[in-house]
Amino acid sequence: MIEIRGLVKRYGAVTALDGVDLQLRAGEMLVVLGPSGAGKSTLLRAINRLVPFEAGSVSVDGTAVAAEGAALRSVRRRIGMIFQDHNLVPRLTVLKNVLTGRLGSLPLLPSLAQVFSQRDIDIAMQCLARVELQGRAWDRADRLSGGQQQRVGIARALAQQPAAILADEPVASLDPKTARIVLGDLRRAAHELGIAVLCNLHQVPYAREFADRVVGMHAGRIVFEGPREALDAQALARIYPGLALEAALA
Amino acid sequence: MSSEAEPAPRPAPEASAAGVRRFLLGRPWTASTAARALALAAAVAALLWWTAGNLGFNWGELARGMPYIADVLGRMLPPNWGYITRLWSPVAETIQIALWGTVLGVVLALPLTFLAARNLTPAAWLFHATRQVLNALRGINEIIFALVFVAAVGLGPFSGVLALAIHGAGMLGKFFAEAIEEVNPGPVEAIRATGARPLQVIAFAVLPQAWPSWIAATLYRLEVNLRAATILGMVGAGGIGFELVSSLKLFQYQDASLCVLVILALVMITDWASSRLRARILA
Chain B
101 MIEIRGLVKR
111 YGAVTALDGV
121 DLQLRAGEML
131 VVLGPSGAGK
141 STLLRAINRL
151 VPFEAGSVSV
161 DGTAVAAEGA
171 ALRSVRRRIG
181 MIFQDHNLVP
191 RLTVLKNVLT
201 GRLGSLPLLP
211 SLAQVFSQRD
221 IDIAMQCLAR
231 VELQGRAWDR
241 ADRLSGGQQQ
251 RVGIARALAQ
261 QPAAILADEP
271 VASLDPKTAR
281 IVLGDLRRAA
291 HELGIAVLCN
301 LHQVPYAREF
311 ADRVVGMHAG
321 RIVFEGPREA
331 LDAQALARIY
341 PGLALEAALA
Chain Z
68 MSSEAEPAPR
78 PAPEASAAGV
88 RRFLLGRPWT
98 ASTAARALAL
108 AAAVAALLWW
118 TAGNLGFNWG
128 ELARGMPYIA
138 DVLGRMLPPN
148 WGYITRLWSP
158 VAETIQIALW
168 GTVLGVVLAL
178 PLTFLAARNL
188 TPAAWLFHAT
198 RQVLNALRGI
208 NEIIFALVFV
218 AAVGLGPFSG
228 VLALAIHGAG
238 MLGKFFAEAI
248 EEVNPGPVEA
258 IRATGARPLQ
268 VIAFAVLPQA
278 WPSWIAATLY
288 RLEVNLRAAT
298 ILGMVGAGGI
308 GFELVSSLKL
318 FQYQDASLCV
328 LVILALVMIT
338 DWASSRLRAR
348 ILA
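Protein chains in written order, with my numbering: chain B, 101 to 350; chain Z, 68 to 350.
Take every hint as true, because none was put in to throw you off.
Subject to a maximum C-alpha distance of 20 Å in a straight line, what follows is the list of computed SDA-like cross-link-like pairs (lysine to any residue): (1) B:Lys196 with Z:Leu274; (2) B:Lys196 with Z:Arg264; (3) B:Lys196 with Z:Pro252; (4) Z:Lys316 with Z:Leu328; (5) B:Lys196 with B:Ile221; (6) B:Lys196 with B:Arg230.
FRET-style restraints, in silico, Cβ to Cβ: (7) Z:Ala190 with B:Ala113: 27 to 33 Å; (8) Z:Ala119 with B:Tyr111: 52 to 58 Å; (9) B:Asp239 with Z:Ala332: 39 to 45 Å; (10) B:Arg338 with Z:Ile348: 52 to 58 Å; (11) B:Leu209 with Z:Gly223: 40 to 46 Å; (12) B:Gly284 with Z:Ile348: 38 to 44 Å.
Calculated directly from the structure, the hints in this document are not laboratory data. The beta-carbon is built from N, C-alpha and C at its ideal position, and this holds for glycine as well.
Given these sequences and hints, build the entire structure.
Written out as C-alpha cells, the structure reads:
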C-alpha cells in the first residue's frame, strides 16, 4: 500500500530519520511507539511530504510520491491526517471543517465561494455519523470539547475517503476514556473501511490494546517490529533504553 | 519559618531585619550600575532642558496670557444652540467622508495585504517592497495627503475621502498582514495535508482565522477616520472642521464652541459604538 524505503531526514546536525524502511497495509492499525525525539512525527510528516527528506523514497500503490505540485496534492488527497491538537479551524462550523476534507477533489472556484455539492455534504454527514457527532454539524468547531474536536478531525480525514490515515499522537491531550473512544474510531476505520492507519502513540498500554502491528523507534531507527503480543519487556527495553520496565508495564 | 526553629537556611539579613521595608525594583544595584543610571538620567535632563530652550518655553508669557484665554472662553459661552440647524449637513458630510475613506482604504489595502504577510508572500523582495509602501502611506499624515488632493482635485469632501483612504490603506494593510502572520499554523498544515490547493488553504484555513482581526482593525480605522474627518475641513477638504475654522475666523466664538461640542459628541459616540462592536466580533 504505502512503502517507505531508506528514508533519511536531517535537521542540521541532528539525524531525525536514519534509514527507515516501513510498509503500511490496507485494513491494518499500525502503532508507532518511541520516546520524544525518536523521529515518529517526522516519519509521519515525511510520508505526505509535509516535511521534505534528504534520501529514500515513499510510494503509494507503487507510484513514488512527487515532491511538489498537482501530483503531490493528488497523493495528499488520498492520505488523511490527524493531529495531536486536532487542528480544526476554530470559527468554521463542524460540517464545514469536515467538508475541508473534500477540498482536494472539488472544483476551485465553487469551493472558494463555499459552494459544495449535495454529494459532498452527504459524505461529510456520513463521516460525522461515524464518529457520532452528526447532531453537532452546525455548531462552531471551537464550541466542542477536546475529545469531540478530535473526533471531528477523524471525520475530516474520513471525508477524504482516504487509502491511508496518519495520526500524530491523536490522544496525547485527551482523558483516558475519550482516548479509548478515539483509538477505537481509528481501529474501526482500518478494519471496516480497509484504510491503512499509522498512529504514533506514547502509551504502551494503548498500543497493546489497539494495534494490529507495532513498530518501535529509537533515535531515528526502527528497533522493533511485530504484532502487539510480541511487545514484551525486551522489546520495550530496545525502544525505551533505561526505562524502568515495571512502570511501563503497569 | 522562624530562624530559631530552622538553623540551616538563614534568610538574608535585609529581609529579616524587623521593621525595614525594601523598595524592590530588581536585583540590587552595584556602584557601576548606579553610576550609569545617574549619567543616563543627567543626559536625559540635559536634552530636555536644551530642547525647551529651542522651543521658546515662556511660562511667564503664558501666565500673563491667562486673562485673554479666559476672555475667549467666556465669549464662547454659552454655545449658540440655534446654530445647530446649520451643522447637521456638515456633520453628515463628516460621517460620510469617514465611511468612504474607510471603505476605499480597505479596498486599497486588501491586495497589498497578501504580499505584505511573511507567510503568504510569493517572494521575499515583494514582502519588503510592499511593507515599505505601506510604511510610507502610514508615515505621511492625512492632512498632508489632504493638502495634496485639494491641490489635485480641488476643494471639497472628495479630497478628504482620498486622503483618508490613502493614509488608512497604509495602516490597514499592515494590520491585515500581521493578522495573517498570527494565524495558528496548525489548521493551515491540516488543510494543506488534505491536498487542497493554495487558494483553498487561504480561503479555509487562513481567512477564517484572520477576518475577526480584520473587522476589528477596520472599525478602529473608522473611528480614527472620523476624528481625522473633523479637522480635514481646516485645509478645505470638507466636513465640520470647515465650519469650525470659518466661525473662528469670523470671531463667532459661540458658534465655534457648538462645533467643538458636536465634534466631541460625534467622536465619543463612534468610539463607544465601535469598541462595543469590536468586543462582540472578537468574542
